[in-house]
Amino acid sequence: MADLSSPSTVPVLEAREVSKFFPGVKALQDVSMRLEPGSIHALLGENGAGKSTLIKIITGVHRPDGGTLLLDGTPIELRGTRDATSRGIGVVHQERNLIPRFTVGENISLERLATHPLKTVDYQALNETARHWLGVLGLDIDPRTPVSQLSVAKMQLVEIAKALSLKSRVLLLDEPTASLTPHETVALFDLLRRLRDDGVSMLFVSHKLEEVQEICDRVTVLRDGRNACASQSMAGMGRHDLVRLMIGRSEQIANWPTRHFEKAPEALKLTGVSTALGHRDVDLTVRKGEIVGLYGLVGAGRTELAKCIMGAHPVTGGTVEVAGKPAKITTVADAIHRYRIGYVSEDRKQEGLVLIHTVLENAGITVWRRLANRLGLLTDGTVRRTVEPYIRKLEVRTPSLEQIVGNLSGGNQQKISVAKWLAAGIDVLIVDEPSVGIDIKTKAYLHELLRELSDSGTAILLITSDMPEMITLADRIVVMNDYRISGELENTRDYGRMSEGIMYLIHRVEAAE
Amino acid sequence: ADDTKVALVPGGPHPYFAAWEQAGKDAARDFGLAGADYKVPQKWELSAQNQLLESLLTQGYNAFLIFPGDPVGSVSTVDELVGAGAPVIAAAGCLKDPSDASFCLGTDTGHSAYLGAKELIKRLPAGKKRIAHFTGFLVDPNTQLRIDAVNQAAKEEGAEVVQVIADIDAPEPAEEKINAYLAAHANDVDGIITTAWVPAVTAANALRKIGDKRIVMVGIDHDEVVIKAIKDGFVAGTMLQNPYGQGYIGSFAVDKLRSGCTVKADAPWKKNALTDHFIDSGTVFVGPEQVDNYVTAMQGITKDLFSTFEKTYLNCPS
Amino acid sequence: MNVEQSPARAPAPQASPADQRGPNASLRFLLSNEFGLIVLIVVFTVLFGLATKGFLSSFNLFTLGRTAAVNIVIGLSMMAVIVTGGLNLAVGAIGVCAAMTFGALIEVVGLPWPIALAGGLALGAALGAVNGIAVVRSGLHSFIITLATMSIFFGVMVFITRAESFRGLPQSFTMLGRMKLAGVISPLLIVAVAVSLALVVLYRLTPLGREMLAAGAKPEAAVLSGVRVDRVVVLCHLLSGLLASIAALMLVARNGAAIPAMAGQLGQDWLLPAFLGPVLGGTLLSGGRVSVLGTFLGALLVTMLTSGLLLLQIGEFWVQACLGILLLIAVLLDKARRLFLASRRMI
Amino acid sequence: MGYLSRYARTDWFGPLIATLIAIALVGGFNPSFLSPFNIQVLLLAIAVNALIAFSQMIIIAIGQMNLSVGAIGGLAAIAFAGMMEVWGLPVPVALVLALAIGVVAGMLNGIFIAWTGISAFIITLASLSVFKGINLGITRASPFYDIPQIVKDFGNTNIIGPLPWLAVVTAVVAVLLWFLLNRQALGRCILAVGGNEHAAELSGISVRKTIVAAHALSGLLAALAGVALVARLQIGQPTIGDDWLILSFAAPVIGGAVLSGGHVSVPATLLGVAIVAIITQALVLFNIDPFLVQVVLGVLILWAVGINRFREVRLAKTAKRI
Ligand SMILES: Nc1ncnc2c1ncn2[C@@H]1O[C@H](COP(=O)(O)OP(=O)(O)OP(=O)(O)O)[C@@H](O)[C@H]1O
Ligand SMILES: Nc1ncnc2c1ncn2[C@@H]1O[C@H](COP(=O)(O)OP(=O)(O)OP(=O)(O)O)[C@@H](O)[C@H]1O
Ligand SMILES: [Mg+2]
Ligand SMILES: [Mg+2]
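Chains as they are written, first to last, in our numbering: chain L, 32 to 544; chain V, 20 to 337; chain B, 774 to 1120; chain E, 185 to 506.
With the rest of the complex left out, here is chain L (with noise of 0.2 Å):
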């Protein structure tokens, strides 16, 4: 069949017909792609279509249960993960994959550690490597910091300089983008840029597609463990017809008119409030049914504003009202059971799901003391009855209740995260970073989710560093930098005014200092 798709060189890597099932799950069939050498190939798909799991077999972390890969033309069987990184592919997973004790410079060079066991490590040259690498990508590091004490978007991309470092002729990149800033992201792009015209084929999964649409030439969709197309060109492909091959019909653009909640009760204000975690005199309010957007860059505060207004750390400062009368708030259950106030959190692996348990326990976490009959019991039926709905409604791709949320992928248990608050019914919802690894699909769900949620009288308050997210949703965006508000605007839903306004917000005072 090679030759049907008349192929103008050899592929660098092709993926034929490969299949891969798990207890349950069929999460690729007959799955095809062939990687044309230095150009950025996009793999697309909604999630749990499949798209780490290709990259998973590719790089020898999963055997297919059939189809064959092929290296330069000539099949090839990987037997393990080092077969992979030793014939030139590289690769940046989904999820972190840092040792947290270990230094940066130590995580960037591990493969080669790896390979000869008792060579002594000279961690001068280990470090000089290091530091190179990290300098490709714009990153001042000391390559002598351990990883534990990185922000997440800093392990994102020393992982990218590990797998640089391997000087890879092949290098598959899934979600590198999740969590970066929009500036960092720009920087990461230039590099792919470069590296393409050095010759380097790339691999490049993300769900946020005017990324795919600024650099990738060619495109593979997954839908459902499937091609829906393979290795077509981008050109002459615009947004929709991506959209329609990855969830089969075009996306409907929400456009929801402006509400006005000058009169609405508040539910949650915040005067002059200061934190142990150095936030300094924040005045915010959220009245009910209201999405009052936080923004900010990475490290501005927002999660730990967050995390104190949930009460777990101490708030040092001002006054914290809820539904009007003042809130002293010490413990998370407090916030959650006492004040019925919710949290998603940005760092689902970490904080937002139990990965060894069930959807079913995790979804109902938030309701089983409500639920507990009189003799204080209750049955996985009556959680189930109450969960249930809501997995429903975001289309959590699993195949039941019982499945261990650890096996899902990333955007699905995203979704658990957010469907377990849902069942909780609270009247405050803080969402921080809600559709980080999201496909475009539920991403519309989520909010329409948030939008009705708001509608039915919950007060919102939404963290994002996704700009048009922010803009879709919030009726009021607050500007968060350096632990402090720096200033408050009314949302127009125009895209190009409001994003001047934030940057300006947030740059007056950069000029301020």
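To be clear, the hints were calculated from the coordinates, so they are not data collected in a lab.
You may find that some hints are simply not true.
Covered stretches of chain B (in silico footprint by chain E; criterion: 3 or more residues with CB under 8 Å from a CB of chain E, positions within the stretch not fixed) [said to hold, decoys possible]:
#: 1; segment: 907–919
#: 2; segment: 956–965
#: 3; segment: 984–997
#: 4; segment: 1070–1076
#: 5; segment: 1104–1113
Even for Gly, the Cβ is constructed at its ideal location relative to N, Cα and C.
Could you slot chains V, B and E with the ligands onto chain L? The hints should help.
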């Protein structure tokens, strides 16, 4: 009788009981028993011993010679065995009355410690007689008896027990603690009494190591190290017990008890802290003089005890 | 037994979340450690039944059940803490303390035994809580905390009792240890079953039990979901202490006396059975997953193997070696079984 | 930041403080504690216990537990003594064979764990029974007595001053181990596997081989400890190793090792051993009522780890993300 199957069950794996195996074999041969087997619990644990005993009963053993894993804790199991028609004799150590065991044939742990202490103090030079006492696990009630007995002897002889080191039945801590003690207090002590196997061995070695013959030590049991130390003059002597005798006579007695004999109520029973039906299987102090032929000495004791045993302690249908 | 470090995957056919357990559930059971243990227990029962005389005799079954009963509850008491990803080295020490308290309350204070029983259990629970609070407050690993408290609890007990036993216990209580129901069943076994059932209810049907699992699996996530993790952890340790005292009092009934040496020096004799049951039963040492039934069966299996080996009359000093080998064989067999079934599922 | 605050970050700082305080206190109240002979006794105790602790530490490093350290050590010990007494093998041969037994035993553990994926806990629990059982089967619980004089001397004489030969052995082992874990690729792999097995796997580290290597090493160290004990006790006691388990964990943990793996420290573990040894000695020196010894021991252990914990909490406060 030829249908008697005796089981000799120690508290756990321990060199002290090694002689029981031979004793059992000899007894089985001499008295025509179906067998007298040495059965060792895998660990020195009460539950392990209980489980073994239960199993042995199931296996058809019908007479038992038991070193009680715990003087009180083993009672219920013994009662069960006796209840199932298998006579039991507590050997080497006693059960605490009341129990269904026919009697206790062994060493009066307390008393032997008492005698040992006396022998030790006798050998101490005039002046204030300061002695240190090294002994086993405190959870073993016998340890408490030993401590009391030594203090008692000391009081009577106007000596002073300056330190008690316990819980050293394992070689590593014993070595560590005893050496630490000698290192710090070698000059503040005149005599050492040990009332458990491992401490005796370790202390003997320790004294040999610092080459100290001033400190007088009395050990316990017949470990080669101790015996050799006596020969070389590092240890004054040891309180010898008679495991072989216990095993041999014990097997003989349980067999008799199975074949219709009963325990004499008016026999010259000794009393000790645990029971009123105690027969001393012999403890002797062995010093440099006796050390070379202590084995024969012990055999002597065994012979004497045996020769009169039946008519002294048992009523048998002739 | 499911003893992979990584959680096993619950397999299930592709299906909408709507559909209920149905076939998946039964298949999940076939793959489960519990089923594996049941198979092993049946197999070995047959083997020993044929190979030895008396293994199936009513007396042996009785004693087997009685010994197993205690080991089961000991295992459960450790399991209660393993849930949190921690462990409790002090189970033995706590148990003995409870037992001695029980004895003292009857002999010294002269209380009727049911009240003394409550007293013993209360003390055990309290000591457990002490562990829990120490762990939560200090943020140290429960290993080191319970290592220290094991030494302290036990030391105080020996200091107070001077290693003297209490044996003046009322017949009505001690007979629980000897009584034979229907000729083979020991009341202790029934207690063990009851305790297990109670725990099943706790972990499957109560919010607290579920919170214990969540808190153990991922504290950070649990906290942000409104679980009072600290409180829950303390409760886990308390429960462990309570169960340890139950086991101890069962042992008192069996020995007819409360004795300091009941669990060996520092109560360390209990550690092996304490871990064997849960780990064979598929409880994750890293926390967050328990199997009460598994622990029950695991303890039963081990007791059975020991008993069978003793009956086989291998050279007395070799029993332990054989037990170890049998244990290895057992887990390997089970591993093979899962691999086989799993491979069948895939295609 | 000044030197102090820099050192304060290292794991051995807390234990070091604890050790110094302990030495100061004990030495202060009882000068004979610092007498050469006493120091020698202390060093002897530390020497062997350190080997025991190390053999567990390696396994903690990969995030597992090895319950069979004691059994392996005991088996090697009686094998060493037995081969010399029964077969009359020369010391070096017996030594090598004994250590080899340790390595093989360890490797068996490792192979079973790596290739079946069954938790180390179970495997080593079972192998504990096997090794201990073999030990009992061979010795029938009775010690081997005639140990060659040279062995006894090695275990009980000093190289210079109060410094025993055994301490030298341990010192060398400690240095090598430190080098392995901090400078040698293999050591780093071990820690990587402990720190994040999945990530290590993805980085091409052969997790299985690493696990086997770690267990082999653990077995070797356990065997070494067993042999050292034979030399020190001057007998081949079958009970050697029976109560190593608690100590083997306590010392590394007091030294701040993370039981979930990926983080251990040789010097801190060494200090952990020292603390335990000093405490044990102090209890004897101050003639504590034997019935209270256990209580005091427990309290002191808490005190020791408490100091380290205090340090960590302080550091955590100053830690900042970048
Ligand atoms: N180890 C596993 N065990 C069982 N099922 C798995 C496993 N890994 C993936 N799956 C299933 O395979 C399917 C594809 O997963 P995959 O991670 O490839 O999706 P994805 O395209 O990467 O989604 P996302 O965009 O969310 O990352 C999903 O249904 C997932 O539940
Ligand atoms: N003062 C601080 N102490 C500890 N960690 C910090 C601090 N400031 C920022 N971080 C870390 O840096 C990362 C980004 O900071 P943070 O999440 O607070 O900012 P943010 O505005 O919430 O960023 P995001 O847009 O990712 O939510 C987080 O991982 C956070 O833990
Ligand atoms: Mg993915
Ligand atoms: Mg954030």
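Each hint, compared with the structure:
no.: 1; hint: 907–919; result: holds (count 7)
no.: 2; hint: 956–965; result: violated (count 0)
no.: 3; hint: 984–997; result: violated (count 0)
no.: 4; hint: 1070–1076; result: violated (count 0)
no.: 5; hint: 1104–1113; result: holds (count 3)
The structure shown violates the earlier hints numbered 2, 3 and 4.
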